[in-house]
Amino acid sequence: MAEEARWYVVHTYSGYESAVAATIEKATENRKMQDQILEVKIPTETITEIHDSQTKKVERKTFPGYVLIKMVMNDVSWHLVRNVRGVTGFVGSANKAIPLTEDEIYNLGIDRHEIVVGFSEGDTVKVIDGPLEGFFGTVEEIERDKLRARVIVSMFGRETPVDLDFDQIDPIE
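For the sequence shown, our numbering begins at 12 and goes up steadily by one.
If you are wondering where the hints come from, they were derived from the structure by calculation, not from laboratory data. Note that the Cβ used here is the ideal one computed from N, Cα and C, for glycine as well. Some hints could be false.
[What the hints assert, rightly or not] Pairs of lysine-lysine, BS3-like flavour, derived with a Cα cap of 27 Å:
hint: 1; residue 1: Lys52; residue 2: Lys72
hint: 2; residue 1: Lys137; residue 2: Lys72
hint: 3; residue 1: Lys81; residue 2: Lys37
hint: 4; residue 1: Lys43; residue 2: Lys137
hint: 5; residue 1: Lys157; residue 2: Lys137
hint: 6; residue 1: Lys52; residue 2: Lys67
hint: 7; residue 1: Lys37; residue 2: Lys67
hint: 8; residue 1: Lys37; residue 2: Lys52
hint: 9; residue 1: Lys72; residue 2: Lys107
hint: 10; residue 1: Lys81; residue 2: Lys67
hint: 11; residue 1: Lys137; residue 2: Lys68
hint: 12; residue 1: Lys43; residue 2: Lys81
hint: 13; residue 1: Lys157; residue 2: Lys67
[Claimed, not checked] Label pairs and their in silico Cβ distance ranges:
hint: 14; residue 1: Glu154; residue 2: Gln45; range: 42 to 48 Å
hint: 15; residue 1: Asn85; residue 2: Thr55; range: 24 to 30 Å
hint: 16; residue 1: Gln45; residue 2: Thr66; range: 37 to 43 Å
hint: 17; residue 1: Lys72; residue 2: Arg155; range: 20 to 26 Å
Generate the whole structure from the sequences, applying the supplied hints.
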């Protein structure tokens, strides 16, 4: 039966995603329907926030109000999911749930990792660590994948580009 399983999207009340997912998993286990409801996921992404040289990773919901379920669609599994408190219905037309396409599954399955920093290109920053500590400069380029920024620092009357890690600089308010 697992070969027939497809991914479906369930609409929930906003803020109830975790409760709905837990309830569906528990009901699946209690009714021994693991062969029909295989997986329940809440789409999330990890955001790295950098403020005052402190790095913090935050999980946030990619699509608030939605839960993804890999299941074999039949009357029993449909009723189990549909009757969970907090579920408003399947995404689809009327009473017919529409499974996700392979492209949609691929696009939703990729873990996204976004880095949020307290400065952007053109901002003035202060170097707070390393041999240039105490110098001020202008952000020329941000390399989020390497967690670095190229900063133009004025030294000895010359403007010099310097690559610095995000935790070595602070934005100037």
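Evaluation of the provided hints:
Pair hint Lys52 plus Lys72 holds up; C-alpha atoms about 11 Å apart against a cutoff of 27 Å. Using a Cα cut-off of 27 Å, the hinted pair Lys137 and Lys72 is violated, with the two alpha carbons roughly 33 Å apart. Using a Cα cut-off of 27 Å, the hinted pair Lys81 and Lys37 holds, with the two alpha carbons roughly 15 Å apart. For the hint pairing Lys43 with Lys137, the CA-to-CA distance comes to about 60 Å; that exceeds 27 Å, so the pair is violated.
For the suggested pair Lys157 and Lys137, the alpha carbons sit about 19 Å apart, so the restraint of at most 27 Å is met. Among the hinted pairs, Lys52 with Lys67 is consistent with the structure: their alpha-carbon atoms are about 24 Å apart, no more than 27 Å. With a CA separation close to 32 Å, the supplied pair Lys37 and Lys67 exceeds the 27 Å bound. The suggested pairing of Lys37 with Lys52 holds, with an alpha-carbon distance near 14 Å, which does not exceed 27 Å.
Between the alpha carbons of Lys72 and Lys107 the distance comes to roughly 26 Å, so the proposed pair stays at or under 27 Å and holds. For the proposed pair Lys81 and Lys67, the alpha carbon gap of about 32 Å is over 27 Å, so the pair is violated. Restraint check: the Cα-Cα separation between Lys137 and Lys68 comes to about 23 Å, which is no more than 27 Å; the hinted pair holds. For the proposed pair Lys43 and Lys81, the alpha carbon gap of about 16 Å is at most 27 Å, so the pair holds.
Distance restraint check for Lys157 and Lys67: the Cα-Cα separation of roughly 16 Å lies within the 27 Å cut-off, and the hinted pair is therefore satisfied. For the hinted restraint 42 to 48 Å between Glu154 and Gln45, the CB-CB distance of approximately 45 Å keeps it satisfied. Distance hint check for Asn85 and Thr55: the Cβ-Cβ separation is about 29 Å, which falls inside the suggested range of 24 to 30 Å. As the Cβ distance of Gln45 to Thr66 is approximately 39 Å, the hint placing it in 37 to 43 Å holds.
Between Lys72 and Arg155 the beta carbons are some 21 Å apart, a value that agrees with the proposed interval 20 to 26 Å.
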